[in-house]
Amino acid sequence: MRVLIVASESAPLAKTGGLGDVAAGLPAALRRHGADARVLMPGYGAIASPMRARFAPIASYAVRFGWQAVPCRLLRGEVGGVVYYLIDNAERFGGDWLYGYDGETERFVFFCAAAAAALGHLDMLPDVVHAHDWQTGLLPYLIRARAERASDVTGPRTVFTVHNMQYQGVVDRARLCHLLGTRDLRLLDAAALPGDRASCLAAGLAHADKLTTVSPTYAREIRTRSYGEGWDGLLRARASALTGIVNGAPASGLPTGARPPRLLRTAGAGAIRTVKARAKRDLQRELGLRPDPAAPLLGIVSRLSEQKGFDLLLPLLDRLIARGAQLVVLGVGEARYAAALGRAARRHPGRMALRLAFDEAQAERIYAGCELYVMPSRFEPCGISQLLALRHGAVPIVRATGGLRDTVRSRGRTRNAFSFAPYTSAALWRALRRALAGYGDRRQWRLLQAAALRAETGWQRPAAAYYQLYHELAPQRKGKI
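Numbering (this note's numbering), first residue to last: 13 to 493.
Heads up, some of the hints might be wrong.
[As the list claims (entries may be wrong)] Restraint ranges, calculated between C-beta atoms of paired labels, are given here:
(1) Gln-480 with Ala-159: 16 to 26 angstroms
(2) Phe-370 with Gly-93: 23 to 33 angstroms
(3) Arg-195 with Gly-354: 50 to 60 angstroms
(4) Ala-289 with Arg-331: 24 to 34 angstroms
I should point out that these hints are in silico values taken from the structure, not numbers from a laboratory. Even glycine gets a Cβ: it sits at the ideal position worked out from N, Cα and C.
Can you make the complete structure from the sequences, with help from the hints?
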């Protein structure tokens, strides 16, 4: 089974968020199942020189884009045992950052056109092309249109994964027709938006052979008006092609000597207590918190945005601290949330710490040192933070939505988290009170932490589910599993 994963980013070459982790973790796990899984992405100027030095050109070709024939190079290299291909075009991808440019959507319309053309220059013929998010949304259509023009029934099948329905890649329809050299109504009608615009995301949803999203619950949610961002009708029509598969959490990217202590999934109560106490003490010292071993330490590593539930949490901070808790927040985002959190931290010196930064090393120390992890998201397609918290024996407090609902257990003998459903501060406060009470019950707390550590958080199961999906599309090319 030969699989080409196409994404706008992949760690460690270039990463801004969870997509970069998925596009790195999935191919590595698929290779352990016997698949020849490779990655195609833009050759950003932001890729560090030592990484770029691993790549060599294997083809030069031109991409028809509007009135131009745009020159590209296809580079090939190997990183972490996985083969990567980079589409090298300095005009569109040579800058110092990945996103945020003028004409952003057109950059990735070009990437899709260049990726479709690159299929004829690879040193492998993929059985399945797996595209991710709006930046690759046009690729399934382009692959299908190319196969139809050539009367080719043996070309690759396509899978399209949507990681977040809010991000759509909207472009003027007439401009899209010009850039791609098509007036194919199948593309334009399927992706049409009011105002003579088109959605790259919707093109992927309409034209891929199979669709996935990043949790079973989110797959159900996006078929409703509340979560479908205007495309719930299309998703209901394609429900039989849609599957929800939870992501795995990435392995630590820190050097061994810089990692906080890790607990084994089989660790006993004594080991858990010792390791967590040391990590907590170190974190309190690092962040200027009062060195109080008895205080429940709550952590948040998050974008500071409305989606992440800060509107629910902010009114509760004073009450939470008054209950004897400590809180640490790490993240960047909207200024209004940063300002409100800053005011709360100043009201509670030694009890609350705020770091306005994106710092993966400090994030890992927070997962390791905190005992409770707060994630009250308004919606959460999958979520990785709760998986990393579980991996470090930190018990999540989550809203039961999307992947949060699918990845933690808040009931029964395997309970490893606390959850709430209504999107209200009152419901979150009830969950926080239950969590603080659980922390105070030594026996219950030992069971919760042990269950958290036993949770499946890696890529083994997700990769097996994807492999099965690929096999349904290309059954004659199955390898070992």
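message: Does the beta carbon distance between Ala-289 and Arg-331 stay inside 24 to 34 angstroms, or does it fall outside?
response: 26 angstroms, holds
message: A range of 16 to 26 angstroms was offered for this pair. Does it hold for the Cβ distance of Gln-480 and Ala-159?
response: Given range 16 to 26 angstroms: holds, Cβ gap about 24 angstroms.
Outcome of range test on Cβ distance (Arg-195, Gly-354; 50 to 60 angstroms): Given range 50 to 60 angstroms: holds, Cβ gap about 53 angstroms.
field: Cβ separation of Phe-370 and Gly-93, checked against the hinted range 23 to 33 angstroms
entry: 27 angstroms, holds
Checked against the numbered hints given earlier, the structure satisfies every one of them.
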